[in-house]
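Colleague: Turn these sequences into a full structure, and let the hints steer you where they fit.
2 protein chains.
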Amino acid sequence: MQKIPSFDDVLAARERLKGQAVMTPLIENPVLNERVQGRVLIKAECLQRTGSFKFRGAWNAISRLDGDTAKGGVVAYSSGNHAQGVAAAAQLMKLPALIVMPSDTPRIKQANTRSYGAEVVTYDRASEDREEIANRIARERGAVIVPPFDHPEIIAGQGTSGLEVIEQAAERGISVDAVLVPASGGGLVAGNALAFSGRSPMTQVHSVEPEGFDDHARSLRSGKRERNEKTTGSICDALLSPAPGEITFAINQPRLKAGLVVSEAEVKRAMVFAFETLKLVIEPGGAVGLAAVLAGKIATRGRTIAVIASGGNVDPGLFAEILNGR
Amino acid sequence: MQKIPSFDDVLAARERLKGQAVMTPLIENPVLNERVQGRVLIKAECLQRTGSFKFRGAWNAISRLDGDTAKGGVVAYSSGNHAQGVAAAAQLMKLPALIVMPSDTPRIKQANTRSYGAEVVTYDRASEDREEIANRIARERGAVIVPPFDHPEIIAGQGTSGLEVIEQAAERGISVDAVLVPASGGGLVAGNALAFSGRSPMTQVHSVEPEGFDDHARSLRSGKRERNEKTTGSICDALLSPAPGEITFAINQPRLKAGLVVSEAEVKRAMVFAFETLKLVIEPGGAVGLAAVLAGKIATRGRTIAVIASGGNVDPGLFAEILNGR
Numbered sequence: 001m002q003k004i005p006s007f008d009d010v011l012a013a014r015e016r017l018k019g020q021a022v023m024t025p026l027i028e029n030p031v032l033n034e035r036v037q038g039r040v041l042i043k044a045e046c047l048q049r050t051g052s053f054k055f056r057g058a059w060n061a062i063s064r065l066d067g068d069t070a071k072g073g074v075v076a077y078s079s080g081n082h083a084q085g086v087a088a089a090a091q092l093m094k095l096p097a098l099i100v101m102p103s104d105t106p107r108i109k110q111a112n113t114r115s116y117g118a119e120v121v122t123y124d125r126a127s128e129d130r131e132e133i134a135n136r137i138a139r140e141r142g143a144v145i146v147p148p149f150d151h152p153e154i155i156a157g158q159g160t161s162g163l164e165v166i167e168q169a170a171e172r173g174i175s176v177d178a179v180l181v182p183a184s185g186g187g188l189v190a191g192n193a194l195a196f197s198g199r200s201p202m203t204q205v206h207s208v209e210p211e212g213f214d215d216h217a218r219s220l221r222s223g224k225r226e227r228n229e230k231t232t233g234s235i236c237d238a239l240l241s242p243a244p245g246e247i248t249f250a251i252n253q254p255r256l257k258a259g260l261v262v263s264e265a266e267v268k269r270a271m272v273f274a275f276e277t278l279k280l281v282i283e284p285g286g287a288v289g290l291a292a293v294l295a296g297k298i299a300t301r302g303r304t305i306a307v308i309a310s311g312g313n314v315d316p317g318l319f320a321e322i323l324n325g326r
Numbered sequence: 327m328q329k330i331p332s333f334d335d336v337l338a339a340r341e342r343l344k345g346q347a348v349m350t351p352l353i354e355n356p357v358l359n360e361r362v363q364g365r366v367l368i369k370a371e372c373l374q375r376t377g378s379f380k381f382r383g384a385w386n387a388i389s390r391l392d393g394d395t396a397k398g399g400v401v402a403y404s405s406g407n408h409a410q411g412v413a414a415a416a417q418l419m420k421l422p423a424l425i426v427m428p429s430d431t432p433r434i435k436q437a438n439t440r441s442y443g444a445e446v447v448t449y450d451r452a453s454e455d456r457e458e459i460a461n462r463i464a465r466e467r468g469a470v471i472v473p474p475f476d477h478p479e480i481i482a483g484q485g486t487s488g489l490e491v492i493e494q495a496a497e498r499g500i501s502v503d504a505v506l507v508p509a510s511g512g513g514l515v516a517g518n519a520l521a522f523s524g525r526s527p528m529t530q531v532h533s534v535e536p537e538g539f540d541d542h543a544r545s546l547r548s549g550k551r552e553r554n555e556k557t558t559g560s561i562c563d564a565l566l567s568p569a570p571g572e573i574t575f576a577i578n579q580p581r582l583k584a585g586l587v588v589s590e591a592e593v594k595r596a597m598v599f600a601f602e603t604l605k606l607v608i609e610p611g612g613a614v615g616l617a618a619v620l621a622g623k624i625a626t627r628g629r630t631i632a633v634i635a636s637g638g639n640v641d642p643g644l645f646a647e648i649l650n651g652r
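Residue numbers (the working numbering), protein chains in the order written: chain A, 1 to 326; chain B, 327 to 652.
Hints are supplied without guarantee of correctness; some may be wrong.
[To be verified] If you want the ones that stay clear, here's a sample from chain A, every Cβ over 10 Å from chain B, calculated: (1) Gly-72; (2) Pro-96; (3) Val-121; (4) Arg-130; (5) Arg-139; (6) Gly-142; (7) Val-144; (8) Asp-177; (9) Arg-199; (10) Glu-211; (11) Lys-230; (12) Gly-233; (13) Arg-255; (14) Lys-268.
[Stated by the list, open to error] A few chain A residues that face chain B, going by a derived Cβ cut-off under 7 Å, partial list only: (15) Pro-30; (16) Cys-46; (17) Gly-51; (18) Ala-320.
[Claimed, not checked] What the simulated footprint calls covered on chain A by chain B, stretch by stretch (three residues with Cβ under 8 Å from a Cβ of chain B suffice, anywhere in the stretch; the number is not a length): (19) 19-27; (20) 279-290.
In case anyone wonders, no lab produced these hints; they're calculated from the structure. Source: prediction; values computed, not measured. Glycine residues also receive a C-beta, built at the ideal position from the N, C-alpha and C atoms.
Modeller: Given below as structure tokens:
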């Protein structure tokens, strides 16, 4: 296993991200607060460069590569958001990027990845092994693999979102009782766990996952890394990793309070609420934290709950269907 | 004519709004900047309390009422956003509110107005006079009329959005070359004109209107208040006032650079761009400034353009249609 990153690595990542990542707003809405009888702070990572938090980790990893190490550029495998983050970071560093994406990835994520100058290779999520494909291409090209979550610099980069939440809340004189973080491989959760345990240790950190893909919730209960039975079939296309990462779980297991789970209907209701009341476009996987708050999966009365709205890359057609209640 | 508000009135409004209005983020997006070869700063008033800037002016006017003056509460006439702003401000002040709304107002605006505890009375936009209806009801009830734009405290309240733009930009070391402000009766434009002429006089202030409802653009050219021929028939339901206000035009005429005009197709493209790239829900009337930037109606190369995205209250069905290209 590679080294486990520390809180200091999150601080270092923050310096590296300055002027490159967007300092996304921490949004509070009176109607939402009233509804849950508490304070909800939405960290709008859907407003991040490339439409999700993934640029943070990608930039933290890729900006440190030198021309010799990465003479063949970078290669990544991703369901979509990491792809865009890597493509944008590589483009800024003037490195070629190739992304291995599942063939059922939302079109907007494939198109956006290409718009950042990356080459896209698709594979069948059910029958092919994306890591194998990526490793073979990286060997052939002399390229560096940028993994989606189980990597110290990726985790440290994602943790900068949590650091910002703590600081933006403190500026308003607020301390955060709990933070809800969407979990796929667990990189965003692990980064937030490092940030909060380092700077706001009383905050309870929770992963949030869709039903049927609750590997973190089960792993936190059993104490070992559990796998999902399915690899497809959730509206939350960004949250389909088969199991927690080795490094991410080593960070998360001792630091997380618990794993929350939400249904597809709860996710859709949260997306409609975000549209109608927050005026934010949140993709299904990015809306699980808000879904957990609205569905009462965590106590909110008199408490302050931060929610990482991790991305907003949703196909227009799907978004329209959800608005129309289909 | 009532008194013309000054820059000091905007400063006073800002103090009154503290802790009540949302300090909405000033959002910058790398893809948008690259596309226009300049810097675009989006003042996301769609994230304001009640989903539009209108809460600012409503709170500034209503929070100063005493129980004797407003013993019968407040009455307003509005195409929707002012209605919600007045209803929410009155609710916070524990005053009853009655809103006279056109019968073709988007359902989301009627429902939201009622959700803030207000009574809604509808009228036919083509055949009835909303001011007459509102005045009659206010007389009967001993209520205070809160006009939508032609009122010194309303204008000063709306101007706080411009003050925030100047200060948020200055925090990042940026000065603003031009600001684009949606215009209906001209209250938001007038408030911004006061704020910018008071604190950032080099910034060029522009009104932006939809085709067919370009009363400000024509009035600025002719030097007198021109009327629109039509009162219905634009997707921009928030921008259908028949003519500039008396007070607002007295402020705007000497301070505005020019009036810009955008087509309905340009507005729809801007809304889709906001969805796909900015991840913001912007209503048609709120998107005219972004539409002007994207359609090249103002020079952007090497310049910094602030855009007031004034609201996000759009019916889900209409939004879905626009996403689907209909």
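Colleague: Please go over all the hints and tell whether each is borne out by the structure.
Modeller: These are the hints, each one checked on the structure:
1. Gly-72: 26 Å, holds
2. Pro-96: 19 Å, holds
3. Val-121: 24 Å, holds
4. Arg-130: It holds; A:Arg-130 is separated from chain B by about 26 Å at its closest Cβ, greater than 10 Å.
5. Arg-139: Fine: 32 Å to the nearest Cβ keeps A:Arg-139 off the interface.
6. Gly-142: Holds, since 29 Å exceeds 10 Å.
7. Val-144: 23 Å, holds
8. Asp-177: 21 Å, holds
9. Arg-199: For A:Arg-199, whose nearest Cβ neighbour in chain B is about 23 Å away, the distance exceeds 10 Å, so it holds.
10. Glu-211: Answer for A:Glu-211: holds, closest chain B Cβ roughly 25 Å.
11. Lys-230: The claim stands: A:Lys-230 keeps its Cβ more than 10 Å from every Cβ of chain B (closest is about 28 Å).
12. Gly-233: 24 Å, holds
13. Arg-255: 29 Å, holds
14. Lys-268: 12 Å, holds
15. Pro-30: With a closest approach of 5 Å, the A:Pro-30 hint holds.
16. Cys-46: 4 Å, holds
17. Gly-51: 6 Å, holds
18. Ala-320: 4 Å, holds
19. 19-27: holds (count 3)
20. 279-290: holds (count 4)
In this structure, none of the earlier numbered hints is contradicted; all agree with it.
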